[in-house]
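K.L.:
Each chain, letter by letter, is given below.
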Amino acid sequence: MPVEKGSSISDATFSRRNLLHFLGGGLVTVVVAGIGVETYSGFENKLMNYSGGHAYDPWRDWQTYQGPLALVAAAILAANPHNTQPWRFVVSPHQIDLFSIPSRTTGSTDALGREHVVGLGAALENLSLAAPPQGYVATITPFPGSDSTHVARIALTSTNVRAGGKLYDAIGNRHSNRGPYESSPVSVSNIDHLQKQVDAADGFSIKWFTTVNERGALGKLMIDAAQALVNDTTQSIDGFRWFRSSESAIESHRDGLTDWGQDLSNLISSGAILLPPSSRHAGDEFWLGQTRTVHTKTAAAYGVVLVNDSGLDLSRLNGGRLLERLHLTAVSDGVAFQHMNQITERIDRDASIGAAPILKERFNRLIGDPLLQPLVSFRIGNPVRVGRMSPRRPVEWVT
Amino acid sequence: MMSAIVNDSTVYSPRRWWMATLVTVLGIYEVLLSLNSGLAVLVSGVVGGILVALSPWLVRRSTTLGVVLLVVGALVWGIIAWWSIIAPLIAIVALAIGGYLALKSRHLTHYAP
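Line order of the protein sequences matches chains A and B.
If you read the first sequence in our numbering, its first letter stands for residue 1, the second for the next number, and so on.
If you read the second sequence in our numbering, its first letter stands for residue 1, the second for the next number, and so on.
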């Protein structure tokens, strides 16, 4: 029945009801549109399957390569600072040359280039571990020429024997685990396995921090170093430069740090993906918070690799090889492993700007051996969750 | 005759049509998000999304069928992918709008002579 004009009561009721319906419908539409924006963001950033993109293919297909490229495919999965992947390989049928890319650095965060060379050493170790399964004997000559970027020459001699090994098998499963660890201690046998790797490496030793007091003291120093690093704007900027906050950045660069790589729970990671990218300051605060409440709080033990002279590139290169073996040993034993180098990052930064070596003195007191210098540090524990993959530049990009 | 007028004016009213369209859009979101997923989320999301998208239009024929499709399509995926935040959100909103449509449909059918 048509409503007549002038029927004020009916009009008012009709209008109010219509208005409420209109507002309700509008609100629902806005909600659905908002969900649409987040859906698109989730789709673009592979919310439901972070590792679905090509940036993670090297972890899946590293064993499909044959010949010398198979060695490179293993090498590019090595641990390295901020996932800068500072390597380039020149490959010929019986030789591989490993070069450093000086521009792929974390700048003031690695002020003396320590981690840069350690990362190259880790790649070299993976490369040498992959030689026997391909029927090669690898003969490594570190720093073979006058070119400072020529890190190593690997001569390959073919044999009829093809043999892998526990560490080789672990290469594809090695991921830094930045998540929480169980409160249970790491078994003595697991630490023994790690210790044997150190004992087999000439010129290196390791200082373990396993008791509550030891862990507490080193953890405090790590938090202080993280705070100092966050307070140093230059270091903060240089570190943040390697953070990839979107799927398109991950796919185009295939390096750097990611939200998923922080090994947060899926729920928290999803929130980080759906929210706008965090600022450098927010990222710093987050990392500092994680250092306080997760990394140091749940570490079952710390290890600090020691060497006579941490300033020598050869020590750094061999230290990187040892560090990779330690990580692979941990992975093959089911032990979580995270590289934690903020103390040495701050020590090197202090040295480079002429600041008082306060952290260095504190660290040396904890190490307790004036003849040895810390090269790299890590924490271990029984994992709560599996460490996630980091993006990698494929073999074709680095050869 | 009265019954036909009531049902036509409610089921096909622009507002109800718009609400049904929004549920369908949510079903499409569900499909879209699931395309990049692992197997369980992929299957539950693609199948579930199609069910959610169809459900408001099937409510006109059978309220029960529409509600079952909506609940199965939204809930299973929303639970499997609960950690993603967006999946349970889509499920909740789809259930709320779709449930409202179903209630209205049942209410009007009940009072139709």
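The set of hints was computed from the structure by calculation and includes no laboratory data.
Note that CB positions come from ideal geometry on N, CA and C, so glycine has one too.
Keep in mind that the hints are not guaranteed to be accurate.
Listed next, the stretches of chain A that the computed footprint assigns to chain B, with coverage defined by at least 3 CB atoms under 8 angstroms from CB atoms of chain B [to be verified]:
#1 28-39
#2 188-198
#3 270-276
Computed Cβ-Cβ distance ranges for the label pairs, DEER-style [unchecked claim]:
#4 Val43(B) with Ala351(A): 20 to 28 angstroms
#5 Gly107(A) with Pro14(B): 24 to 32 angstroms
#6 Arg16(A) with Pro14(B): 13 to 21 angstroms
#7 Ile268(A) with Gly99(B): 24 to 32 angstroms
#8 Ile92(B) with Ser187(A): 56 to 64 angstroms
#9 Lys220(A) with Val43(B): 27 to 35 angstroms
#10 Glu285(A) with Ile92(B): 25 to 33 angstroms
#11 Gly38(B) with Arg88(A): 33 to 41 angstroms
#12 Thr210(A) with Gly99(B): 24 to 32 angstroms
#13 Val37(A) with Trp18(B): 17 to 25 angstroms
#14 Asp169(A) with Gly99(B): 49 to 57 angstroms
#15 Ser278(A) with Trp82(B): 22 to 30 angstroms
#16 Val30(A) with Gly99(B): 15 to 23 angstroms
#17 Trp82(B) with Lys220(A): 36 to 44 angstroms
Far from chain B, by Cβ distances over 12 angstroms, these chain A residues were calculated [what the hints assert, rightly or not]:
#18 Asn18
#19 Gly24
#20 Gly42
#21 Ser146
#22 Asp147
#23 Glu247
#24 Ser352
K.L.:
If a hint holds in the structure, say so; if it doesn't, say that too.
P.N.:
For each hint, the structure was consulted:
Taking a C-beta to C-beta cut-off of 8 angstroms, the stretch 28-39 of chain A contributes 8 residues in contact with chain B, enough for the three needed, and the coverage statement holds. Note: the stretch 188-198 of chain A has 0 residues with beta-carbon separation from chain B under 8 angstroms; the three-residue rule is not met and the coverage is violated. Counting residues of the stretch 270-276 of chain A whose beta carbon lies closer than 8 angstroms to any beta carbon of chain B gives 3, which reaches the threshold of three, so the coverage claim holds. Checked against the hint of 20 to 28 angstroms, the pair Val43(B) and Ala351(A) fails, with Cβ atoms roughly 57 angstroms apart.
Taking the beta carbon of each, Gly107(A) and Pro14(B) are about 60 angstroms apart, not inside 24 to 32 angstroms as hinted. A beta carbon spacing of about 19 angstroms between Arg16(A) and Pro14(B) agrees with the range 13 to 21 angstroms that was offered as a hint. A hinted range of 24 to 32 angstroms for the beta carbons of Ile268(A) and Gly99(B) is consistent with their spacing of about 30 angstroms. The given range of 56 to 64 angstroms is broken by Ile92(B) and Ser187(A), whose C-beta atoms sit roughly 45 angstroms from each other.
Between Lys220(A) and Val43(B) the CB atoms are about 49 angstroms apart, so this pair departs from the stated range of 27 to 35 angstroms. A C-beta distance of roughly 31 angstroms is found between Glu285(A) and Ile92(B), which places it inside the suggested range of 25 to 33 angstroms. In this structure, Gly38(B) and Arg88(A) meet the distance hint of 33 to 41 angstroms, their C-beta atoms being roughly 34 angstroms apart. Restraint check, Thr210(A) to Gly99(B): a C-beta distance of roughly 57 angstroms breaks the suggested window 24 to 32 angstroms.
The hint said 17 to 25 angstroms for the Cβ distance between Val37(A) and Trp18(B), and at roughly 19 angstroms that hint holds. Against the hinted window of 49 to 57 angstroms, the Cβ-Cβ separation of Asp169(A) and Gly99(B) comes to about 52 angstroms, which satisfies the hint. In this structure the hint that Ser278(A) and Trp82(B) lie 22 to 30 angstroms apart at CB holds, the actual value being about 24 angstroms. Taking the beta carbon of each, Val30(A) and Gly99(B) are about 19 angstroms apart, inside 15 to 23 angstroms as hinted.
Distance hint for Trp82(B) and Lys220(A): a CB-CB separation of about 37 angstroms, consistent with the stated range 36 to 44 angstroms. Asn18(A), annotated as away from the interface, has a beta carbon of chain B within 12 angstroms; the closest lies near 10 angstroms. Its closest Cβ contact with chain B, about 9 angstroms, brings Gly24(A) to no more than 12 angstroms, contrary to its assignment away from the interface. Separation of Gly42(A) from chain B is inadequate, the least Cβ-Cβ distance of about 5 angstroms not exceeding the 12 angstroms criterion.
With a least CB separation of 49 angstroms from chain B, Ser146(A) remains clear of the 12 angstroms interface cut-off, as annotated. Listed as a non-interface residue, Asp147(A) keeps its Cβ farther than 12 angstroms from every Cβ of chain B; the least gap is roughly 44 angstroms. With a closest Cβ-Cβ approach of about 9 angstroms to chain B, Glu247(A) is found to fall inside the 12 angstroms limit, against its non-interface label. Chain B leaves Ser352(A) outside its interface by the beta-carbon criterion, the shortest separation being 43 angstroms against a cut-off of 12 angstroms.
Violated hints, in rising order: 2, 4, 5, 8, 9, 12, 18, 19, 20 and 23; the structure is consistent with all others.
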